Every structure is written in structure tokens, then in C-alpha cells.
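Novice: Residues per chain are reported as follows:
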Amino acid sequence: MALSSSQSSWGLKGHSGAAVQNNDIEALKQAWLNEKFSPHVLIFEDALVARVSEDVKEQEDVVAGELDDGATFMTRLKQLELERVKYLLRSYYRTRLRKIEKFCMYILKNPVVRTRLSPAELEYTQRYVDLMAEHLNESFLNGLPEKLRDLTTQDAEDDMIPAPNFDTHVFCKVVDTIGTFQLDQDSSVDLEEGELYLLPFKPIRDLLLDQSIILI
Amino acid sequence: MTQPIVKQASVLESFGASEVEFLSEDAEAVVVPLFREPAIRLLAGTYGPFRPGVPLTVPLWLAKQLKKQKKAKIQPPEWMDVDSLRATYEAEQADPLYFEALPYHYVEIASQLLDVASDDIPDANSVRETIEDIVEVRHLKIMAGMRALDGDSPAIKLNNLAAMEINSIRSFFIATMDHYAMLTEPELSARRSSTREATRSSTTPARASSEASSVPPTGGLSTARAQRKFRPRTSSTGAGSRASAASARSSETPSRFPSARPRPRSRPRPRPRSTSSAATSAGSVDPSTIWRAR
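For the protein sequence lines, the chains are A and B, in the order given. Residues in the first sequence are numbered consecutively from 1, following UniProt numbering. Residues in the second sequence are numbered consecutively from 1, following UniProt numbering.
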């Protein structure tokens, strides 16, 4: 018979062995995954990132102190965990930056999307667009006829601003039972806690925002 | 007017094997320490104290380190016991449409434990073989599910699928569903394509390079190896289960599962904010059940 999750076999969801649990790391990991799998840039998790960065700094001081007293095995474990957390932070930033670069014009033109970026990211976007425009102009656009030089043409024939594809699908896990949920005019789905789905992104983006679902 | 026939499926790739392994290393593992040490305060929590012979739950990455340093033994999880694995395998084979409940990262966990702690796992070779069998029989079911993708419903239920399995079907399933969505709603998608805000993704070539440099700091172990190890075999032992799974599928289940059947009595209650058009509702539709949930 299959194992049920009530059995205390580890690996299945169970209680944690940590006496004091810091959920920020887990939250950051999920923020990274959500970012990785959502087609558009999500709201920057500034408070979470700030807390984790602060924790990392403190732990680095602790480790530095312990290293001065002679490194032990336990210190090396702390170092290893630090590397893991810093990798998470970097991955989160990097995943966002890739999307930001891809959709830079779209982001700058769209005031709502702009608010999802951190001040540093917004500055980066602006500089990225400026640099790219300068590069394209100097390398060949200036040699083209006037009407072909524009980088932001959006008319019936051409759309030069890459925008996220909201019509795509995402793999997600239901965190809170939602019940019957309308996907479009003629289909709905029963979303129960713990279930995994492949769903169209557009109807469920609000569920992602309030964390009723997570992307996997 | 050049309308792209196929919109870009997704700008996002699947995870690499090293990333999947990194994610799995936060799973819980039970170790039996061989040393005495006060509790260790890590960022993710405080673990310990470590006392010889007293089992302790720690993250898998920590367990692997302790084991590699010969500072602890690893207590294999119950589901990795040969008998329960064989039972899982039997159940997996018996039902062509249902996936048994296994830990979300069972492939990675098993492969890492068999790598670093095979001496702590009773009958490790049988464990390894049985897990390979399970991976394979599940893989065949996934392949069958792929063939049953018919685009009749916009939702697909994937209960009990594991991380590695989802990762392996991610791009195919997303691309398929994206295309179905466009094909089945031509006038809708045409309208979508012309509305600027939401849709039209003119594509720049996917950038493959930047992620290449980002390898997670795992201790040298790679699930690339795990993937190879657990790749379904095509040899003689695999053939039996393959044949039986295939025949089970063809005899018991129509290849197109009756997915888009309206359920007249269940009253959909749309969330107010979900979609603007949700107010006028037709009957609700089951998610495409290429696999069954239990």
C-alpha cells in the first residue's frame, strides 16, 4: 500500500527537526521558483530579501569569529549553509534580471509593472535600455532610413517591444484550498490543498499573488 | 501583416539537474550522530544537540556532510525500505492512471542516499533496482499521459508527480497546452494577440548562456548522474513492465479520456476577481484527467 503522509517517513511532508525554524529561507526559495516559472516579473520581495541578507551578514560575522578561534567541523557546516543561502539570493536576483533585460522596454513603458521592481532594478533597466539603444544606433541604425530607426514601434504591422506571454501555462501547487475556480467561460477546476496542476497562467495570476498557489 | 503562427511557449527553461538536486537537499533526513556537540545555529534553523546514538532530523545536505565526514549514519526513510518500495512498485504497475504518493524529491533523495550512504541502507542493491523500476513504470505512465493530451480542458491534474518528473515534462507540456489554447480558440487568441497589454510576445532568441555559470554549491554530487542512473531501461527487465503497462492502457482506458464532460449540477462559484468574463458561466468542466487522482 502506498505511504500516506501521516506516516512519519521523512521526505514526505512532516514536522521539522529544527528547534528554531526560520521560514525566510524557504520563502526565498519559493520566491525564486515563482519568479523562475512565471512569465512576467513579480513584485520584488524587498522585506524578505532584506531580512535574509541581514541574516547572511550576521552569520558571516559569526563564522569569521569562529575561524579566528580555529575552524571546527561545525564552522565549516555554517560556511556551507551560507553558500547555499547566498546561491539562493543570487539566483533570485539573476532570474529577475534576465526577465527584466528581456522585457526592459515593456517594463519602462508600463507604470504598473515598474512598481514591481526595486529601485536598483529600475535604475538598471533604464541604464540597460539606454546602453542598448546607443549600441544599436551606433552600430547600424543610424545608417538606415529614418522611418526604420525607431526602437519602440508598435503599430498594426510591427511590435518591437517584447512583452511577456500571458497566454502560457504554468505548473503549480495549491497551498490553500480554493474550491471551484473559473478558468474561462466554459471551464472551471476544483483546487484542493496539496494538488498539483498545469494551468493557464492568466486566470490564476491573482492566486499566485495572494500565495494560495505556488509555482513548481 | 505578419502574425507569428506560434507564439513563444515560454521564456523560461526547465531546471538543470544540479538545480533540481539543490532544491532536494532541503528535504529532511534522519541521522544518527557518532559524535557529541551542542546544537548548531544555522540560518534555516537550529539543529541538535548532537549526541551519539540519538536520531536527529536535519536537512539532507547536512546529513550528507555528516555522513561523508563519518560523523553520522543516515537512517533511510521508511519509503526507501525494500518491502515498501516493492509494494509501491506493485501498486504503480496495477493502476495505469494513478501515481503513488512518494516524496516530491524521491528520485533525487534516493540517488543521493545510495551514493553517500549505501552502507547504511539495508539491501542497497535491491533498493536501487526497485527504485529504478518505479521510476521506469512511472515514466511509462507519463509518456502515456503525453499521448492523451488533447487540449479539451485547459487544466491538467498532476497529483503525486515528483519534481524530477515534472521537470522532465515541463517544456513539452507547456508548449503543447499553449498551442492547443491557440488552436481551440482562434477568434479568442486573435483578439488576444491584438490587445497590446497582455499578450503579444515578439521573441528574442532565448539566451542560453547566462545560467550556465550558475552552478549551485552542492558537494560535488550531481543528479545528472542520478538521472542517468534512473533512466528507464530498454533492456529485457524493462520490457515486461512496459508491455504490461501499455496493454493495460489500451485495454482499460480509451486513449482520449473523457475529460471535458460538463458537470451540470456542480455550481461554479467564480471568484469575483478571477476573470472578468466569469460571470456568465457554462457548466463546469473537469480538469483533463489523463491521470487520475485518488
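These are computed hints drawn from the structure, not numbers from a lab. Predicted model, so just to flag it, every value in this text is computed and none were measured. From the three backbone atoms N, C-alpha and C, an ideal C-beta is built for every residue, glycine too. Any given hint might turn out to be false.
To be verified - Facing chain B, according to a computed beta carbon distance under 8 Å, are these residues of chain A, among others:
#1 LYS78
#2 GLN79
#3 PHE171
#4 LEU183
#5 VAL189
#6 GLU195
Novice: Look at each hint and say if it fits the structure.
Specialist: Each hint tested on the structure:
Hint on LYS78/A holds. Least Cβ distance to chain B is approximately 6 Å, under the 8 Å limit. This hint is violated: GLN79/A has a C-beta 10 Å from the nearest C-beta of chain B, more than the 8 Å allowed. At about 6 Å, the closest approach between the beta carbon of PHE171/A and any beta carbon in chain B falls short of 8 Å, and the interface hint on this residue holds. The restraint placing LEU183/A at the interface with chain B holds, with a minimum CB-CB distance near 5 Å, inside the 8 Å limit.
Of the supplied interface hints, the one on VAL189/A holds, with its beta-carbon coming within about 4 Å of a beta-carbon of chain B, less than 8 Å. Residue-level restraint check for GLU195/A holds (minimum Cβ-Cβ distance to chain B is 6 Å; threshold 8 Å).
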